[in-house]
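Position 273 of the sequence shown, counting from 1, maps to 279 under my numbering, and the rest follow consecutively.
In case anyone wonders, no lab produced these hints; they're calculated from the structure.
Among the clues, some could well be false.
[As the list claims (entries may be wrong)] Using C-beta positions, here's what the derived DEER-type ranges look like:
{"id": "1", "residue 1": "P163", "residue 2": "A94", "range": "33 to 41 Å"}
{"id": "2", "residue 1": "T303", "residue 2": "S79", "range": "52 to 60 Å"}
{"id": "3", "residue 1": "A260", "residue 2": "A333", "range": "33 to 41 Å"}
{"id": "4", "residue 1": "G145", "residue 2": "T268", "range": "24 to 32 Å"}
{"id": "5", "residue 1": "R82", "residue 2": "V212", "range": "25 to 33 Å"}
A virtual CB, placed ideally from N, CA and C, is assigned to each residue, including glycine.
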Amino acid sequence: MHQPWPLRARTTTGKIDNLDYVIAMVGHRVSVLALDGVLAFELGMPFMTMGTVGDRYALSVVTPTRQGVTTDSGLRLSAAGALTELAAADTVIVPGYAFDHGIPESVAEALRACHDRSTRVVSLCVGAFALAQSGLLAGRRATTHWSQADRLAREHPDVTVDRGVLYVDEETVLTAAGTAAGIDLCLHLIRKDHGATVANQAARNVVAAPHREGGQAQFIEHHLPAAAGTSLAATRAWALERLGEPLLLRELAAHAHLSQRTFIRRFVAETGLPPMKWLQLARIDHAKQLLEHNGATIDEVARRSGFGTAQNLRTHFAQHCGLTPSAYRNVYAREPARVR
Numbered sequence: 007m008h009q010p011w012p013l014r015a016r017t018t019t020g021k022i023d024n025l026d027y028v029i030a031m032v033g034h035r036v037s038v039l040a041l042d043g044v045l046a047f048e049l050g051m052p053f054m055t056m057g058t059v060g061d062r063y064a065l066s067v068v069t070p071t072r073q074g075v076t077t078d079s080g081l082r083l084s085a086a087g088a089l090t091e092l093a094a095a096d097t098v099i100v101p102g103y104a105f106d107h108g109i110p111e112s113v114a115e116a117l118r119a120c121h122d123r124s125t126r127v128v129s130l131c132v133g134a135f136a137l138a139q140s141g142l143l144a145g146r147r148a149t150t151h152w153s154q155a156d157r158l159a160r161e162h163p164d165v166t167v168d169r170g171v172l173y174v175d176e177e178t179v180l181t182a183a184g185t186a187a188g189i190d191l192c193l194h195l196i197r198k199d200h201g202a203t204v205a206n207q208a209a210r211n212v213v214a215a216p217h218r219e220g221g222q223a224q225f226i227e228h229h230l231p232a233a234a235g236t237s238l239a240a241t242r243a244w245a246l247e248r249l250g251e252p253l254l255l256r257e258l259a260a261h262a263h264l265s266q267r268t269f270i271r272r273f274v275a276e277t278g279l280p281p282m283k284w285l286q287l288a289r290i291d292h293a294k295q296l297l298e299h300n301g302a303t304i305d306e307v308a309r310r311s312g313f314g315t316a317q318n319l320r321t322h323f324a325q326h327c328g329l330t331p332s333a334y335r336n337v338y339a340r341e342p343a344r345v346r
């Protein structure tokens, strides 16, 4: 079961008019480790996503030496912190880099020390090679860019390389596939830490999908209707306004003025999902929103999201999210539920 990553409390003290004060500051420090040849686009991903959700994250860049590194575009990155700053991080993110040259042993030691302290360690794209070289992927599932997956498996046979997913979440160690998948993983981190609403806002800020379908069901799945202008966009929008009703396939097809067979074929072509599967996931999404923002009972959430009964909601919610509606609410709710 996924839980939001713990935030570490830090304090500062001082005096105002001779009165002692202590201010508790709760935040999540993210250190982005830029290795030589770092991919500039991936270097910016954590800042583009996690940096857009207020002061929930404090982000910084760290390089192996004070001399900095050169990015893949030839730009020199010198104004960055040293490896010692990783000791204060809650999450360390390693973007892709010129991995053919390996990493210095000092970097490998620093990453191992982070993992030993239970710091969350994340790689984007071929950044997985740095984690593998440090021993952090031994005995774990991991992914990387599809073009380098075979090489990662060949050079590190103790790693179970999953070639068919956007990212792999092993709780303390997470890896993303090729470049754009880094955005998916950053949004996933926000979602784990702060819930679907905050992650959705971050996705809107960077004009990205809150969740893209991969080869594996991830913890949080959000399925938005396809862009307006597609042939069935109006029907999807119509369905989303009626999630609490017992919608049937024939009703969806009738709204689109199509036979059921033609409707299914076109729906799958536009969304990648059968209509009723898409509808079920849309209802899960709606249930999450109700659990986060509404004080309704579980029975009311079940009715308003179209699952009918609380037991039916619990069954489908657990299948897709890995936890019960009540557990999800306990983690992410913004207001208490009413007592039945």
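Structure-based check of all given hints:
In this structure the supplied range 33 to 41 Å holds for P163 paired with A94, their Cβ-Cβ distance being about 34 Å. Checked against the hint of 52 to 60 Å, the pair T303 and S79 passes, with Cβ atoms roughly 54 Å apart. One distance hint, 33 to 41 Å for the beta-carbon pair A260 and A333, holds here, with the actual separation near 38 Å. About 49 Å separates the C-beta atoms of G145 and T268, a value inconsistent with the hinted range of 24 to 32 Å.
One distance hint, 25 to 33 Å for the beta-carbon pair R82 and V212, holds here, with the actual separation near 26 Å.
Of the hints listed earlier, the one the structure fails to meet is number 4.
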